[in-house]
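Visitor: Spelled out from the first residue to the last, the chains are:
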Amino acid sequence: MRLVQRESSSTIRSIAVVLSAVLIAFALGSALFLSLDKNPLEAYLAMARGGFGSGYGLSETLVKTVPLGLCALGIALAGKMGLWNIGAEGQLTMGAIAASWVVLFWKVPDAALLPLAAIAAATAGALWSTIASTLRAWLSTSEILSTLMLNYVAELFLQYLVYGPWKGPDRFPFTVYFPRTAWLSTLGTTRLHSGIVVVVILAVVLHVLLKRTRLGFEIHLTGDSSSASDYAGVPSKRNILLVLAMAGALAGLAGLFEVTGLQHRLQPSVSPGFGYTAIIVAWLARRHMLGCLLVAFLFGGLAVAADELQIVLHIPAGVVLVFQALLFVCVLGAEVFENYEIRWRNA
Amino acid sequence: MTHSNTLTLELKSIRKAFGGVPALCGASFALRAGEIHALLGENGAGKSTLMNVATGIYQPDSGDIAVAGRPVRLTTPRAAKKLGIGMVHQHFHLSRRHTVLDNILLGLPGVSFLPDRRALAGRIRNLADRYGLPVDPEAKVWQLSVGEQQRVEIVKTLIHEARVLILDEPTAVLSPLEAKELFAVLARLKADGCSIIFISHKLDEIKEISDRVTIMRCGETVATVETGSSSTRDLALHMVGREVFLMPTHRERTGDTQRPLLSLSKVTVSNDRGVPALRGVSFDLLSSEILGVAGLSGNGQTELTEILYGLRRPESGTLTLEGAAAPVTMSPREAISRKISFIPADRRMTGTAPGLSIRENLMLKSYREAPYSSRGFLRPDVMAREADRMIGAHDIRCAGQHQLTGTLSGGNLQKVILARELSSDPIIVLAVYPCRGLDVGSIETVRQLLSNARDKGAGVLLVSEDLDEIFALSDRVAVLCGGSMAGPIPVGEIDRVAVGLMMAGVKGRAEGADATRSA
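Protein chains in written order, with this note's numbering: chain A, 1 to 347; chain B, 1001 to 1519.
With the rest of the complex left out, here is chain B (with noise of 0.2 Å):
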């Protein structure tokens, strides 16, 4: 296959912000006629943002965007398509009680009143047959497989005669053999000249098929090279290697023993899907330590932490706890009472209710209990108080205490939860992505807290996507892909590229884990 040198789509130093947080910072990206283009980077490093951008979604603050050569303004969705620039997003847009043949016609411009239903179906065997990509026009959504209903995502963007087409990592929900079938697709769909963007940060698959590859760090793109010239171990340092990073935190180490706070022997359990989200997981926590979890979100860490807090029941494997002769049965109660903090992901929702006031969010857990409360009944006045001291203590930003936290921002959000959760001197941490979305001070302050409750001698259980922060924090590292853990290991003892390897979970991962490198 010749690549011909003529851009189709074209953006240039595209700027976004979403309520004053920068999501892209000049982000530029070049896409060739007939090429499939892969677009690589972590989790929030704004690859979804920018292809937004490039398909109307989100108009950019500033930057300029050039189809065939041509500049254009992308105002709608709409307008996009009519350029011939498709999308299929990571979460289908079907109406899952309705027909293929309608969810199709639904995207259609200029439909009649009475369409043409036959001629509709036609056309779209013809694509079918065309491309490889079989659906039946009268199959009702909900019946199909998660990989058909892909199909029936691109068989949207074709019939619209899309010439560039952007897949959201297509492969996240796809079986290894619906992956392989994709594949023949993009290489029929690339024969024919279409032009494919295709997000991932699974390093083996994007070797295997994309012509070139633009990789994306902090809402920039840092390098645009030919995949069949670098390595994945190139891929994955551009991916995750930062030089400049925050000093680590290590404690000089002291005499005293570290004792496994809690241990997880061969846990396995479903997600809410259904589908395995971890297969056979075991490991110890220790006391005095962060155990920093790497890993893509979405790789068992939400079913990880929702066990050790008890939301969730492992369907085989124990937790054992420290001064527990049998495995416990955990729950959100017992968790609270064995002094288990957790710093969930879910902000909003699940860290904090909304609706309530920062005073009742602070207590959430420990309002039954004195001096809070005696006899079923509440005691505002002890609360107001003990609520107070720790506004002034974690300063949380606000007009006092009995705002909703479902007007504060981010930052001062988190701060209300590290406020209750730290400072009742917890045994275990588990927190799960605690400073994402923050501003830097606020980064610092996170750190710090969970640096100090290990000093105390807690355990920390930081669960993070953020190499910088796993290895500035954690006393040993492991990594979650596909439901499997590797190491626990000593952070002295493996460098980041492996580390990034095991997180993209390219093949040959107990070799990945012993390239060291001192670092």
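If we strip away everything but chain A, and leave its shape as in the complex, we get (with noise of 0.2 Å):
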């Protein structure tokens, strides 16, 4: 059995791909679903109830789409260069320090507290995968493995912080509650916040970037072939610093997101792990930057799902990150799939 390059791409064969992927990680859900004595057809109905099902379910699945969004976009951008960002959640991580900081420590007027803890968001995740880009750049180290070993460094930065100095009076590992004037005004009674906005816009923003402008081509040219993107001249240092930077930009944002949106105060936990979810979020969406923000919708509609899953069915909510593993493997796997085909030969 040997694998050999197909004459042609097509988009149709593309989207079969796909498609059988996403069905042959079903078929295997409903085996795991089976294997704990549950109908697998109920269980994917509770999930489509929970998470699309009802004004609140979709109000929560839209408030995760915010984060997985945000870091989805960056990890996809880098990706179309050829990058794998997996730190988007320690860039999410410093993001939300750096706005904390900015609506707990810095005294400036109301207006301008958001605008500013956004700045230092997105300012403080480029800085943290900057770290990782510089090394990248000059050294040629793996940025796979800097990126997310700095994911450790900026999660225990924040276990220091709200156990040592930034500890509110009441003795727990929070810092205090930010002033309102900190907090993002909300949808009616949900907690769905004026970030969906700015996920919706950046995407269409970073899409236009990718299809029009000559970055966006520099892009395209060095993710494909390197040594093409050195014949043309291209400065692939500076797009490396450019592109790794816009990523944890994003990932900064998503950060601020979280705790002026939702959490409004900084806690020992910042993130369930949207930062590595979102790397799934991202391949699933082929890199497409609209593809990701469907995608990351489609993943936070299972989020929330795993609790309509424990309620009804008592399932533990684990089993949504293993159905998510294996949507991944099985899309990842088949990307070969679309540029080479198997024939069987006889040895």
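Certain hints may be false.
Derived, one-sided and incomplete: chain A residues facing chain B with beta-carbon distance under 8 Å [what the hints assert, rightly or not]:
hint, residue
1, 130
2, 152
3, 212
4, 214
Quick list of simulated restraints, FRET-style, between CB atoms [stated by the list, open to error]:
hint, chain 1, residue 1, chain 2, residue 2, range
5, B, 1333, A, 138, 49 to 57 Å
6, A, 213, B, 1107, 48 to 56 Å
7, A, 149, B, 1127, 44 to 52 Å
Hints in this document: simulated from the structure, not taken from any laboratory. Remember, predicted model here, so these are calculated numbers, not experimental data. Glycine is no exception: its CB is placed at the ideal position from the N, C-alpha and C atoms.
Each of the two chains sits in its own frame; use the hints to bring them together as a complex.
Guide: Dropping the structure here:
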């Protein structure tokens, strides 16, 4: 058995490959539910109902779409250039810390508080990823490892702050609540905050950037062939720094929205792994900016559905994580069949 | 040493094509028992392909193979191994993290789950002593020098009791001293009755080591001669001397004076492995000329053109351009803005980006300039119009400008590159193996475009292994061998055989260059 490169590529085949992979993931997921003595169909219906079946479910899904979408956009952007940003989780954490710092300690007019917090969050995320991109650009250090390991540094820095100098007066590992002027407005009685608008705008802006600008052209080119990009005189070092900084800034903004939109204080855990799930989102969306938005929405729903599964079917919420992983493995594994086919040959 | 005339390996009228392009067109080869038989030919002549057929890696489209007089079919490398045919490839097939013993063990058939490592180590040491191949079975491969790794490869074949040993350009990676040691090993193997096929294009060593020589050209075996009865000159003539070649396109010399466009002075550089690739190369490239740089690949051509285009920095020496007071530090950006075009050897990954469309690849160097972009934004409409014009003007056969270049055939791909590189009236053109692998029609197109560029006043540096091409197109010829350059010499003052000898690194290079013959 061997893999042979296909003569041509086609959009229809790409879609067919992704759909087959998703179907296989659902089939494997069914086996998982059966092993727990649950009816798979019932489980999938419960999940759909939980994530998308009610106004409340939908608003919670959108709440999760914000950090997933922002992190995924950055990961997808870097992925277009052939870079793996595994560090969105840490960049998000640093963004949340920087935003909290501005909100809690800066003496500025109320109207300037949120804009300044946003700038600080984006800058902190960008600087955090710049550590990795500098190493990559000048020393060819694998950004996969450096971004991943920086996550743990950011995580521990956060622990240090909330257990140490930033601990609130009631001795729990939280900061004090933010002043009301630093809370994002929400829709009605739901927790849905204005971050969702920002994600949609940024996705469109980045889509245009990739399709229509010089930088977008260079990102495509470098991602496709680094030797062709050197040949064309593309400043690849500058672009590595720029693109990873953008990715870091996007994740940093996700951190801003988590603390100013939802938690309203800094706590030991800002994100339940959005930065990691976003990697799956970006790859399922094939590094397409608008696709990231859609897949982030679906994955947001999946996260909300986990609660529904737990309540209705008494299935541990962790099953949803297993299902996410199945989707990822199937889609990533199937990607090769877009450009290659299997030929059987008798030895 | 008396030759017995029994044939151990015979290949008869072998034909093999890859994707419709013939690599072997009826090649025949006969190996006697106990001889060292050299296989000589230019790169791309089909030497490696023929040997890959002999070792079961490729299946011939037609033709017969016989081992010890018996017709056989070698359907897998394993089948060839069983019949005692072993090959040492140019690029070693060793796992660098494992020991010599592990690597040898990997290739053995029928190894039990817990192999007797000690016994095998003993066998390795025996072979090592017998043939003078000192290897430590417990050493890790990454610790070994290239010469030692080659010994491991030889031991690997001998442990299979190979009676036919094929070595693909074994000295290319060796120092002169290591090469001497290898020759001693080969002599001992021969004395022991082994038959050896020695692929090379170095005439000196072929004279030194081989009993007979078979010469290949364009997928055919053109002659088999006794080494003792033929001179290096004869061999060189056989290797390169085709009587038929495309008519030269030399223009009438008009009175226009030629200016040096580019001067290289004493440039030295190492290749990616840190081995010196250019040793003090100096020359001028003039306006309105094609300067042909002949030489077998791997003698510094890649590094030379990369320096001229700014992809590589020289370690010492200078590059001066017309109109620049001081030596320039070249970069691809600088080269593009100075209208230096580059047709690289690697069309698929360097000259184009395979996952980008024809249009994007045509715009690879101009996307950042007006009118194709303004204020950071691309102008797809302008690009589309220009792309369509170029596709039409260069007859690029495609489904449209959005087709990915990764799906184009070699000839069409080269047309995309030429359209981009030559439509902007370049001042200097660097063309590396521009016709390699192309069909006759495309070759004509490429040569015509290069001549046109020259006629418009450009300086064209043509790197090629094909002497026909060099002689058909060039105004002056230089030869790169081992990182040193001989020439340039006006094409009328040198003959092909002299150039062939220089390419093959025959000693007395200067004599070779002076050996003129009225053409």
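Visitor: It remains to establish, for every hint, whether it holds in the given structure.
Guide: Right, here's what the structure says about each hint:
1. Look at residue 130 of chain A: its Cβ only gets to about 22 Å from chain B, farther than 8 Å, so that hint breaks.
2. A cut of 8 Å between beta carbons decides the hint on residue 152 of chain A: the least distance to chain B is about 29 Å, and the hint is violated.
3. Against a cut-off of 8 Å between C-beta atoms, the interface hint on residue 212 of chain A holds, since the closest Cβ of chain B lies about 6 Å away.
4. Taken as an interface hint, residue 214 of chain A checks out: its beta carbon lies about 5 Å from the nearest beta carbon of chain B, inside 8 Å.
5. Judged by the Cβ atoms, the range 49 to 57 Å given for residue 1333 of chain B and residue 138 of chain A is violated: they are separated by roughly 19 Å.
6. Checking the proposed 48 to 56 Å range against residue 213 of chain A and residue 1107 of chain B shows it holds: the Cβ atoms sit about 53 Å from each other.
7. Distance hint for residue 149 of chain A and residue 1127 of chain B: a CB-CB separation of about 48 Å, consistent with the stated range 44 to 52 Å.
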